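> Going down the list, the protein sequences come from chains R and X. Residue 77 in my numbering sits at position 77 of the first sequence, and the numbers go up by one each step. Whatever position you read off the second sequence (first residue = 1), add 151 for my numbering.
Derived by calculation from the structure, the hints in this document are not laboratory data. Small disclaimer: the values here were computed from a predicted structure and weren't measured. Note that CB positions come from ideal geometry on N, CA and C, so glycine has one too. Do not take every clue at face value.
Stated by the list, open to error - Stretches of chain R that chain X covers, calculated by requiring three or more beta carbons in the stretch to come under 8 Å of a beta carbon on chain X:
{"no.": "1", "region": "11-25"}
{"no.": "2", "region": "34-40"}
{"no.": "3", "region": "47-60"}
{"no.": "4", "region": "117-129"}
{"no.": "5", "region": "132-142"}
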Amino acid sequence: MSTFTLNINGSQHEVHADPTTPLLWVLRDHLDLVGTKYGCGIAQCGACTVHLNGTAVRACQLPVASVGTSKITTIEGLSESGDHPVQKAWLAHDVPQCGYCQAGQIMSAAALLENNPNPSDEDIDAAMRGNLCRCGTYTRIKKAIKTAANS
Amino acid sequence: MTQKKLTMKVAKTRIGRRSFIKSSVLSGGGMMLGFNWLMSCDMTSTQVKALPKEWFEINGFLKIGENGLVTIMSPNPEIGQNVKTSMPMLVAEELDVDWNDVLVEQAPLNTNLYKRQLAGGSQSIRQGWESLRMAGATAKAMLIQAAAETWGVPTNEIQAEKGILTHSISGKKAGFGTMAAKAAQLEVPEEVTLKNTEDFSIIGTSRKNVDGSKIVTGKPLYGLDYKQDNMLIAMIVHPPAFGMRLKSMDEKEVLSMPGIKNVFKMKTHLEDYALGAFDNDAFNEVAVVVGSSTWEVMQAKNRLKVDWELAPASLKEMDFFGRKMNVETPAGLESTEDHQKTLTTKLQQKAKVVRQDGNPDAVFKKAAKVIERSYTCPFLAHNTLEPMNFFADVTEERALLVGPIQTPEIMESSVSKRLKMPKEKIDIQMTRMGGGFGRRLYGHFLTEAAVISQEMQQPVKLIYTREDDMTQGTYRPSYSVLYRAALDENNNLIAFHVRAGGIPESPLSANRFPAGAVDHYKAEEWTQASNITVGAFRAPRSNFIAGAEQSFLDEVAEAAGKDPIDFRLELLERAQKNPVGENNDYEADRYAGVLKLVKEKSNWNEKKSDVHRGTAAYFCHNSYVANVLDIVLENGKAVVEKVYCAIDCGIVVNPDAATNLAEGGIVDGIGHAMYSAITFKDGVPEQNNFDKYRLIRHDEAPRNIEIHFVENDIHPTGLGEPPFPPIMGAMANALYRATGKRHYNQPFITDKDLIG
């Protein structure tokens, strides 16, 4: 067990955990930030996507000990009141079905648009390929990303 | 077109009448919870500000606040089919409340109040259509009655609209909230007037997912998010192969690992229990690891030393809702290689004839042309993105069970027997589910969580890892089918033969099209037992046979030199005008209706040289779906450029959400036909996570999907399942047009020369 001070969603959080614990379980079990989802544990589904200094990463493969002073943003911290352009676009297109993967999809999309404000279809496919949606909302997600890009 | 018009206007409130009585009178299994972690996060800040000081319960479906806000209970489990929005829409329609003033809550299991709290068979809206509207209509009648008594005017002079009661003669007006206290004291009316379809103002209009803002902001909604004070985390270790069982374990090392509280063996069901239809469980005895946090338990579970042994064959009594039968589970370690031999050889042997019209054997002998093809598909894992999990807090006095379950009522019986606790003491709460697809009909994980909590005497959340989930069983069966068609010298279809089967179930629906459209018809089926467990998977049976049948009909049409849509329409015209046999389970005119609609919307007759089109149509779960799928070749790779889809599911309650569900069904269908399989070597599943089990991804989805609903006044039928099966056939047929190669074995991607 070790103590870590993590910068999550703009504030400092002290966590007492085994250094190998993936950030995913620190967020969910220790900090009650359950918007970041568990889907596979091997970085194949994207449900646990968070931002590490603005880059989309899979929290299930990020040991807490490796986070250091990096800035972590989770779905809960993406915007103050759910009004990030990507969140608004998701609501405008009523994207979710079961909704379980959508936090991860939104985090991947937000990171994409941060670095590439006008992505092509190919850019979107490349950035989003790592996020599975078992309900098959892919076509709506693409539309929502384009709406967010244009907003 | 057949129009089953909504002629009923005045309806007796006998159907589901108990639902219209206040839940506080009939609350039974603990309708009210002291503290619910999910509910505490349920409201947005604006909603909290607007919350009324007092709620008045009108009936089990709704309560009205003094400020006019209405809470509507959504009775059925939400698995992504959006019933948590569409079922309350039915109540709100007849209540005549402003949808903006509606809050929705997921109802817990309450068999006193609600009927059929189940997500399965695409039945939620179809079965709730009457009772949910009546719940709204009776409440409105009671509000009008309250206003009539208050104002001293006759009820028939009062109008209700958007939450306002108006007596236009006197100019009196009152919000629902003002009359709610008085209405709550009134008797439930004997009969109520339901609206005509043309008067609907909520049904048939697109309303946003009521959980949308919570989903996009990451609020706790799912079973895996549920938490209570003092809660432990539990995981199971099940045998690595089907056909094996737990022999012994050595827990010493693991017990000393950090955070680990207990390690023990558990039997999900006791020996003398007759398994029910949804108690499906390949591994009755498992090892359990319980600890403080998920990561600690995961580490310990991976280190646990367990010895396994071959399980003997067994003959178990099962109880299918009172129908007792003995079910055989063979011994042995099965492999896909052997399964494939079975699938092929069984198709060459006579099987059990389940329908025969005319004299097909004789007609095949004199046919001008005979086309014969066979098709296979693998087992599939449901792979809901939220793995199986459940929360349980079992004490001597009561059991609180919270999580994702499609069959809460059925599982209540099951867990009651296992805990030896009367149902009245068991409270099952349903969370939003991270996918269902049939997997969460089988609630062994709920029972397991309850047994673990009982053992630990502490609240526990049981979590399956992805690997546990994918290798546990409850798969879509592996099927095969052989089709034969006989054409005469004028290329008329004169005989049709289908022989289908599977491990361990058959996919055949013998009375479906083209039964009824051909004079000489034979349907046979076979099954072979297996120790690999199976369960309902989105559109059971249809999820294979629709694609196979529609691929075959495409080849028959080609052999007959006919357009594939016109060929089907010709057969459906025969089935409509002069049907063969009496048990055909489809309406030929509605079937033809979706084909005609998709033909028109896709401009089918307009051929483009660089667009390769496939078509398919199917009827299942009471609804009709037809597709046209367009493939373009880019750098030698087949890309699905567009899918046109026509659907007849009667009245569409929430069009945009229904469109979303249909789009998802199409993506899901293409994905499973193209990419997915679970295979076995010596009983071991060869895929245990998404690195080996391939699901469709963003870049493989169609670029555009266009959904068209047939407009009619037919009572709504199912939509969760019907869009899924036929697209597999449309995909195969379009691939053939694009590449010249037919695909007979799913997943198509295993045909190496396929798609560049």
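> All the hints need checking, so say for each whether the structure fits it.
Outcome of the hint check:
1. 11-25: holds (count 6)
2. 34-40: holds (count 7)
3. 47-60: violated (count 1)
4. 117-129: Result for this restraint: holds, n = 6.
5. 132-142: That given contact holds, which follows from 11 residues of the region 132-142 of chain R lying within Cβ reach (below 8 Å) of chain X.
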